[in-house]
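Participant: Residue-level listing of the chains:
There are 2 protein chains.
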Amino acid sequence: MTRTAGRDGHRPGPFHLNAFLMSTGHHEASWRLPESSPEHTSTNIAYLQRLARTAEEGLLDSVFFADGPGLRSDVGRRPAGSLDPLIVLTALAAVTERIGLIATASTTYNSPYNLARRFASIDIVSGGRAGWNVVTTAGPDIARNFGLDDQPAHAVRYERAAEFLDVAAKLWDSWDDDAVLGDKEQGVWADAAKIHAARHVGEHFSVAGALTTPRTPQARPLIVQAGSSEDGKGLAARYAEAVFTAHQTLDDARAFYADLKARTVAVGRDADGIKILPGLVPVLGSTEAEALAAERELDELIVPEYARRQLAATLRVDPDDLPLDRQLPADLPDEDEIEGAKSRYTLIVELARRERLTVRELIGRLGGGRGHRTLAGTPEQVADALQDWYDAEAADGFNIMPAVLPRGLEEFTAHVVPILQARGLFRTAYEGTTLREHYGLERPASRYSSSGVSVEAVELATAGVGA
Amino acid sequence: MTRTAGRDGHRPGPFHLNAFLMSTGHHEASWRLPESSPEHTSTNIAYLQRLARTAEEGLLDSVFFADGPGLRSDVGRRPAGSLDPLIVLTALAAVTERIGLIATASTTYNSPYNLARRFASIDIVSGGRAGWNVVTTAGPDIARNFGLDDQPAHAVRYERAAEFLDVAAKLWDSWDDDAVLGDKEQGVWADAAKIHAARHVGEHFSVAGALTTPRTPQARPLIVQAGSSEDGKGLAARYAEAVFTAHQTLDDARAFYADLKARTVAVGRDADGIKILPGLVPVLGSTEAEALAAERELDELIVPEYARRQLAATLRVDPDDLPLDRQLPADLPDEDEIEGAKSRYTLIVELARRERLTVRELIGRLGGGRGHRTLAGTPEQVADALQDWYDAEAADGFNIMPAVLPRGLEEFTAHVVPILQARGLFRTAYEGTTLREHYGLERPASRYSSSGVSVEAVELATAGVGA
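Those sequence lines, one after another, are chains A and B.
According to the working numbering, the residues represented by the first sequence are -19 to 447, in order.
According to the working numbering, the residues represented by the second sequence are -19 to 447, in order.
Just chain A, same shape as in the assembly (with noise of 0.2 angstroms):
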């Protein structure tokens, strides 16, 4: 991918773009709106694909689902429930060409096999379009949905994680690129030499065989990782290719990425090979007043008392113990005592201490985006603040969370996108077909070729399928 020359003294670009979906959109609420429609959940995958479609129609590099293999127990409080994510994502693909597809999936609670299977075969099915969140899944419930009493202590679960992407990788590299050979006339479909058991016996798994798809596309899926903690940067300096993070100020921002970037150098990465992409969450209007009014019209549909018991369950705390117009009390637990999502825990703290918000604003604050900044104003202005970010060196990117769908998404396309393609910090046309080409990322090699990789070998075998 070529870099285009960024304004006098600033940054080249382009930069990346991700658009995290989700029913009617990230802000609680939004849902309560009179343009929001019954139809727009995440189970509809016809409204999903209108989603993709219009990302794609602004170049974006990819579209993003969060999910958990659960259903939330607040049912009342906004659009629940949600389809398998790589069954979305295939949906998806039928109707798309170009954009990125990633989703979510757990590493506690699938098995490798099965889940390296699925990632290949939608990456065949794509063309080279998918991507894996990463994710070990916290919460005691969702333990539960799976024969187990309690989640696995934090770090068992980063233990997993890694090991688990380890034996991915193995299977991705099954097939090499040459294995079939389809010679008719000896009676040999393909050379076993050139299909390699995984042999994997670790302290997590033990994986025998080899996988049941060729090398794919991408070879692998592109992968993701979200979690900020101690031992998710972790996970994410070995493996990542591109992380969601959540910041509210550009400070926190910037040494978040200072940080993962020399981790990543240091366990003997290019600092290049992992894109990091804070969230943002835009409230537009075609004037400053206007995007405020609305950010406004959202906060005040939020049913306080939703969020006040999640609150209360993220802190450990009972929710008589949060009356709405107090501070947090001073005696919360340490990060350290925590076993569920460490890194959100503390931002929330974080942020409440910082500001000194009562509990109805701290409500307020995370309605919109469960922590991540919020940003009301004119597309000049949230095109303004994605530059100073990245000029800054807090992001490669952005993971774009529209506070209302599909209208946000809709905006942003059709009204930011042009601005910062003006600027010369966004494509003005996809240059490549895979997500890992979108995001500047190589085809990796197999580790039992020493030799550079033949894609064409692949297409022959897995050709893809578009609109």
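Some hints here could point you the wrong way.
Given that identical chains are not distinguished, each listed pair holds provided it fits within a single copy or across any two copies.
To be verified - Below, in silico cross-link-like pairs of lysine to any residue (SDA-like), each with a Cα-Cα straight-line distance of 20 angstroms or less: (1) Lys164 - Glu277; (2) Lys174 - Arg52; (3) Lys241 - Leu39; (4) Lys241 - Asp279; (5) Lys174 - Asp54.
Hint data in this document are derived by calculation from the structure and do not stem from the laboratory.
All values reported here derive from a predicted model rather than from experimental measurement.
Please arrange chain B on chain A, whose structure you already have, making use of the hints.
Facilitator: Positioned in the frame of chain A, the structure of chain B alone reads:
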């Protein structure tokens, strides 16, 4: 579904037709024919989509894929490799509108929560066209992809399968059809009292929570079963709504049919609630001589060494103990000693003994369809063969396994289907939109509702997508 009267004295139709799809076809040497393309693999989704569209143009009830989470070791023998079957179904759903879509998935190497969720998702995405061929997955090689040294015992695998289906059925009933309120005024999205936690605690599984998906268009996928061992028939009688089975003779097929219907009635189910579909491998020609020549051409392309090694593994003997021009050894193990695919083992041994086949002859017979009935003939002869078995109550329909693909399926739909239609034995248009409707089966009521079930409420939340 209305039944059309058959010819005088004959059983009224229509019967059911499933197309069992596999790379270049069911004959192991099909890939060596001049007409077979190296692009005709089970990992080429565009090719599989073409096959599914052909089957839909022929108004077939469904298409089906066999599956195991492991790669065969004899990759030289014939096209190997497969995509995740639910990802395949999703990609087929995108380019078809009516045909049912049946995938094989293992109860031994999946967790109920994840797999129930995936089948619910494909049922939603396909608009109610999903079916699940429930298998327990024989063989130590696959066990070793999942951290086991060997497969669990046959009986244990079937106990686990039964409990797996019980858990899955609870999960599929998680949401009442009217669970979603979408009450913007009060700020209540769903009624938590209408979403039910599974609360399952059993011998093999504990699953606490509710599924992430609304109740689906079919409520649950069509349950298909294909093992014909004692354990397999027991499982089918309790749970299956369609059964794929392999019989070489009309007498065997009639006995199996009568036995399974009786077992089904004995557990309190309706005999019409289980549709029995024996496999048939047609080799079509415009004359019988042409068909026989085509079959001979295929058989001559078989490389006997591959098949002899596989036969030796199935029979638990050394390949050297199977000289090609001798009959099977006398001292083979009893079915009771087999922990793998019991009914396939018995079928092969009985076929060889009954017809006094040499190893070479047996390999030829199995090479065409791995123990399924093969018939080389004209379209009229194939239609007669289907009607004879149907009239004799040996079948409610057939699992069509073309020896060569795509041609065998194209010829079957173009030439055999019209004969069956003219005889009133097969539909002339799809009457329903779901797979259950094609097979004449009701949408099951929820265990949580005593009253009837409204489908309309589901459609809002799950609107599926066709071509």
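Participant: Evaluate each hint against the coordinates.
Facilitator: Tested hints:
{"no.": "1", "hint": "Lys164 - Glu277", "verdict": "between (68 angstroms within a copy, 14 angstroms between copies)"}
{"no.": "2", "hint": "Lys174 - Arg52", "verdict": "between (46 angstroms within a copy, 14 angstroms between copies)"}
{"no.": "3", "hint": "Lys241 - Leu39", "verdict": "neither (26 angstroms within a copy, 57 angstroms between copies)"}
{"no.": "4", "hint": "Lys241 - Asp279", "verdict": "neither (36 angstroms within a copy, 61 angstroms between copies)"}
{"no.": "5", "hint": "Lys174 - Asp54", "verdict": "between (51 angstroms within a copy, 13 angstroms between copies)"}
Hint compliance for this structure: hints 3, 4 are not met, and every other hint is.
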